[in-house]
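Undergrad: Based on the sequences and whatever the hints tell you, model everything.
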Amino acid sequence: MSPRTKRQKQISNLPRKKGCFLSQKNHIFTEPQNVTTIESQEGWTEDEPIEFGWTEDELIEFEGVEKRLINEILKWHKDAAKNLRLVYTGNSRTIVWRQKKKKKSMKKTQKESKNLKHFFNQIH
Numbered sequence: 001m002s003p004r005t006k007r008q009k010q011i012s013n014l015p016r017k018k019g020c021f022l023s024q025k026n027h028i029f030t031e032p033q034n035v036t037t038i039e040s041q042e043g044w045t046e047d048e049p050i051e052f053g054w055t056e057d058e059l060i061e062f063e064g065v066e067k068r069l070i071n072e073i074l075k076w077h078k079d080a081a082k083n084l085r086l087v088y089t090g091n092s093r094t095i096v097w098r099q100k101k102k103k104k105s106m107k108k109t110q111k112e113s114k115n116l117k118h119f120f121n122q123i124h
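Going by our numbering, the residue at position 42 of the sequence shown is 42; the numbering climbs one at a time, nothing skipped.
Treat the hints as calculated values from the structure; they're not laboratory data. The reader is advised that the hints may include incorrect statements.
As the list claims (entries may be wrong) - Calculated pairs, PhoX-like style, for lysine-lysine (alpha carbon to alpha carbon, straight line, at most 25 Å):
no., residue 1, residue 2
1, Lys101, Lys114
2, Lys103, Lys82
3, Lys111, Lys101
4, Lys104, Lys114
5, Lys114, Lys102
6, Lys104, Lys117
7, Lys114, Lys103
8, Lys117, Lys100
9, Lys82, Lys100
10, Lys114, Lys100
11, Lys117, Lys101
Said to hold, decoys possible - Okay, the calculated beta carbon distance ranges per label pair:
no., residue 1, residue 2, range
12, Ser2, Lys111, 57 to 65 Å
13, Met1, His77, 47 to 55 Å
14, Leu14, Leu84, 38 to 46 Å
Glycine residues also receive a C-beta, built at the ideal position from the N, C-alpha and C atoms.
TA: Next comes the structure, spelled out in structure tokens:
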């Protein structure tokens with residue numbers, strides 16, 4: 001067998017789609033941890049709000065990060081609104097055109113094909 005090429009070696013090291021296909025050398029086995037859920041805690045009902053215990057300092061820090069994200073990281077150019085996709089309502093021009101084309105081809109094949117009665121011999 002010939003030695004593996006540089007590209008084949010690179011491909012073998014690539015992680016696969018969503019981690020479904022991993023080579024055994026890359027896969028790390030972890031033991032499950034004990035996780036407590038809100039439902040498993042005693043005295044909790046569905047109507048109660050979940051409190052995270054954020055302090056005022058953390059909220060102020062989060063607001064600063066939020067503003068930085070919106071203003072610096074997510075920059076919009078002048079014509080960004082043009083590139084936004086419209087909501088699909090099911091009646092696009094291409095879909096209507098495809099459906100009409102399909103109907104025309106069905107009518108054409110129906111005209112060209114013989115009726116069912118032509119396949120059987122008539123009894124006199």
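Undergrad: If a hint holds in the structure, say so; if it doesn't, say that too.
TA: Do the hints match the structure? See the list:
With a CA separation close to 22 Å, the supplied pair Lys101 and Lys114 stays within the 25 Å bound. For the suggested pair Lys103 and Lys82, the alpha carbons sit about 34 Å apart, so the restraint of at most 25 Å is broken. Restraint check for Lys111 and Lys101: the C-alpha separation of about 15 Å stays at or below 25 Å, so the hint holds. Between Lys104 and Lys114, the direct Cα distance comes to roughly 17 Å. Compliance with the 25 Å bound is thereby established for this hinted pair.
Between Lys114 and Lys102, the direct Cα distance comes to roughly 20 Å. Compliance with the 25 Å bound is thereby established for this hinted pair. Between the alpha carbons of Lys104 and Lys117 the distance comes to roughly 24 Å, so the proposed pair stays at or under 25 Å and holds. Restraint check: the Cα-Cα separation between Lys114 and Lys103 comes to about 18 Å, which is no more than 25 Å; the hinted pair holds. Between Lys117 and Lys100 the alpha-carbon distance is near 29 Å, which puts this suggested pair outside the 25 Å criterion.
Note on Lys82 and Lys100: the hinted pairing is violated, with a Cα-Cα distance of about 29 Å set against a maximum of 25 Å. With a C-alpha separation of about 23 Å, the suggested pair Lys114 and Lys100 falls inside the 25 Å cut-off, and the hint holds. Between the alpha carbons of Lys117 and Lys101 the distance comes to roughly 28 Å, so the proposed pair goes past 25 Å and is violated. Between Ser2 and Lys111, the C-beta spacing of about 59 Å keeps the proposed range 57 to 65 Å intact.
For Met1 and His77, the hinted distance range of 47 to 55 Å is satisfied, since their beta carbons lie about 53 Å from each other. In this structure the hint that Leu14 and Leu84 lie 38 to 46 Å apart at CB is violated, the actual value being about 33 Å.
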